[in-house]
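Required output: the full structure, derived from the provided sequences and hints.
Line by line, the protein sequences are chains A and B. If you read the first sequence in the working numbering, its first letter stands for residue 1, the second for the next number, and so on. If you read the second sequence in the working numbering, its first letter stands for residue 1, the second for the next number, and so on.
One or more hints might be untrue.
Pairs count within a copy or across copies, as identical chains cannot be separated in the list.
[Unchecked claim] Calculated pairs, SDA-like style, for lysine to any residue (alpha carbon to alpha carbon, straight line, at most 20 angstroms):
hint	residue 1	residue 2
1	352	19
2	14	271
3	399	340
4	399	370
5	147	8
6	31	122
7	147	172
8	147	7
Since the hints were derived computationally from the structure, they do not count as laboratory data.
In case you want the letters, here they are:
2 protein chains.
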Amino acid sequence: MFQPYQSSMLALGKAPSVIRETFEYGNRRAKEIGRENVFDFSLGNPSVPAPESVHETMRRLMDETDSVLLHGYTSAIGAEPTRQAIADDINRRFSAGISAADLYMTCGAAASLTVTLNAILCPGDVCMAFAPFFPEYRVFTEATGAKLTVVPADTENFQLNLAAFAELVTPETKAVIINTPNNPTGVVFTEENLRKLCDILREKEQAFGHPIYLIADEPYRELIYDADTVVPYLTNLYDDTFVCYSFSKSISLPGERIGYIVVSPKMADNRNVYAAVCGAGRALGFVCAPSMMQRVVAENLGKTGDLSIYRRNRDLLYNALTEYGYRCIYPDGAFYLWVQALEDDANAFCQKARDYELLLVPSDSFGCKGYIRIAYCVTTEMIERSLPAFKKLAEAYGK
Amino acid sequence: MFQPYQSSMLALGKAPSVIRETFEYGNRRAKEIGRENVFDFSLGNPSVPAPESVHETMRRLMDETDSVLLHGYTSAIGAEPTRQAIADDINRRFSAGISAADLYMTCGAAASLTVTLNAILCPGDVCMAFAPFFPEYRVFTEATGAKLTVVPADTENFQLNLAAFAELVTPETKAVIINTPNNPTGVVFTEENLRKLCDILREKEQAFGHPIYLIADEPYRELIYDADTVVPYLTNLYDDTFVCYSFSKSISLPGERIGYIVVSPKMADNRNVYAAVCGAGRALGFVCAPSMMQRVVAENLGKTGDLSIYRRNRDLLYNALTEYGYRCIYPDGAFYLWVQALEDDANAFCQKARDYELLLVPSDSFGCKGYIRIAYCVTTEMIERSLPAFKKLAEAYGK
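Have a look at this one:
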């Protein structure tokens, strides 16, 4: 039968994202009772401005660089000086042995993932993700014709549930996505946990006789708050690794769409896999990553927005909510707090929270029921004003 | 059998683009004999700087706008003020009755096409293009699982070959891409030619009982050089129209990846088709168009780079090459000159041209043999220096 449009795309376009729905409810509610009376914790949009050096770099580039070069096409894989600067920075920090030729510049984290997934996944393949996970992993995976298998959460510590993973991995498994620091939990996976995952992956590669790619989705890599928190660099732990990075959160440029993919040089058949990445970027219509931003990020490596604001927000919320009787998972990084709902149904709990003008995201769409995500990339002052509401909500549940 | 990557993506990543290969030969040759001795006409990269107002706008936005807002995510469909400004501009110029809700902001022309094609094409569907055509139409179409049917060229005038089109269109045809002003010919299709195409499309829609979408790929819309050249606005001629636009050429920002899709409000089932566009953008990983550039283009509508440079280049090349005995198709727009090769095999002709350091693109990959494309988005001074080489090349063929 003739379809006037791709029905799966229609479904995606119409699918109500609970995050977006919550955000829009907040906007309507703000019109009714005033923005200052609504406590919107729904969106992961950085609230800390870009470091000042970002605008300084932009002004200087406009002053000093020929407009035709500054705004012209770069090579599809990204400008060589940018790729070299990023490789140098990665090697300096992680001794990873990356070269510029292993890097592919992208239009942000989502593009890093779709280009990688389209490069490797064929219909019938399986990609795995660990619950709770960023819901778009399913969208991006299924758009390639492959299937997403979800590993149930480790609801004790929200580390990777490796026992469940080892049972669920099959010969059809071609890729595994991990995300550390994690959205939605804020947890950083321990090196021990990651090393065990890599051991299992190597064992299964041997058993199945083919590569299983590890895709490290790392938009939150730089957002860690404690001196002893370490985020291991995955190409150092496992050869068949892609690192999907974005500058959205680290230097607060989420709308500018700039990131990259590392195709590990240790990967078997690295040059063909890299070529498939180039092919996927081309087929999806990316052409090149935004040209001026390629220069901007190269000159701002190692910079971040003012992370002390996120740290203060985290401490404030974590300590207060724990005191009020909530079970909070301690977040080492990112800007999310993961909290057990005070009733089994997180959706009902979030509805109830709206009575106190608290806009929280229920966990179901992250593949894990009974929790809520609080995005604390908001003003500290809003958090302070919201605390009595969280307290009353807890009291309403007898805490 | 297990494939370590998507083989079609590998093939695309490795496929030698003749345009890119020619460009890279030019770079190697420039190292051997000096850049000033190589006449590289291979790439369609604007040579005219962005209008000064673009950098003025950027500086003002950085001064006046909160960094978090300026560089933050916009709505996936694009910021409302930008979409409203573009709709107003289209309506002022073309009385098209577009609203902001019909616009979807994209990361440039390629993204406009891939998002549109993924929104509507299903495996088994056919998309049609008129030779000669931009080779990526095939890549973008086939990546959706649909098939591209090519309508042979009208080698007399390089208008749309409607007799051939009417014979080739089938009930499987879901979309037709046209590109005016045209890459690679520089031809602007006449209103008469376009009206006849639309008549045939309406007739076939009736006969087949389903929509056939017209996709107007319009990155070159503003690049016209003669007072009497008119580029009709397609939504005014045909209801089931998408307009895929980019600011890459008009304001010389090709690397910044900013454009849009118009889903005609007159289209049957406009709201569902628009939702499918949103779904496709999401599935391909676009998230939103670059945020600061969304503001920049909204404030620079109606501006262009200095088109008088392209006009001078066109006149210089067209007049000289015609005088030397080449058959040139008169280009009303874009920045390409389409010239009949002086032997049947355009590839052999382009090889021969390299003896005179002329780097030209043979026409085969555009779906039309025996011609060459000259991209005249170069300095006027290079064209002047290249003319003796074109003359000698013609003489070598006995002209």
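Hints, verified against the model:
For a Cα distance limit of 20 angstroms, the shortest separation of residue 352 from residue 19 inside one copy, 16 angstroms, qualifies, whereas the shortest one across copies, 60 angstroms, does not. Taking the shortest alpha-carbon separations for residue 14 and residue 271, only the inter-copy value of 10 angstroms comes in at or below 20 angstroms, while the best intra-copy value is 39 angstroms. Only within a single protomer do residue 399 and residue 340 lie at most 20 angstroms apart by alpha-carbon distance; the minimum there is 13 angstroms, versus 83 angstroms between protomers. In this homomeric assembly, residue 399 and residue 370 come within 20 angstroms of each other (Cα to Cα) only inside a single copy, at 17 angstroms, whereas the closest approach across copies is 81 angstroms.
For the homomeric pair residue 147 and residue 8, the shortest alpha-carbon distances inside one copy (14 angstroms) and between copies (19 angstroms) are both at most 20 angstroms. Taking identical chains as interchangeable, the C-alpha atoms of residue 31 and residue 122 are never at most 20 angstroms apart, the minima being 47 angstroms within one chain and 42 angstroms between chains. Taking the shortest Cα distances, residue 147 and residue 172 sit within 20 angstroms of each other inside one copy (10 angstroms), while across copies they are farther apart (28 angstroms). Both within a single protomer and between protomers do residue 147 and residue 7 lie at most 20 angstroms apart by alpha-carbon distance, with minima of 18 angstroms and 18 angstroms respectively.
The structure is inconsistent with hint 6 alone, although it conforms to all the rest.
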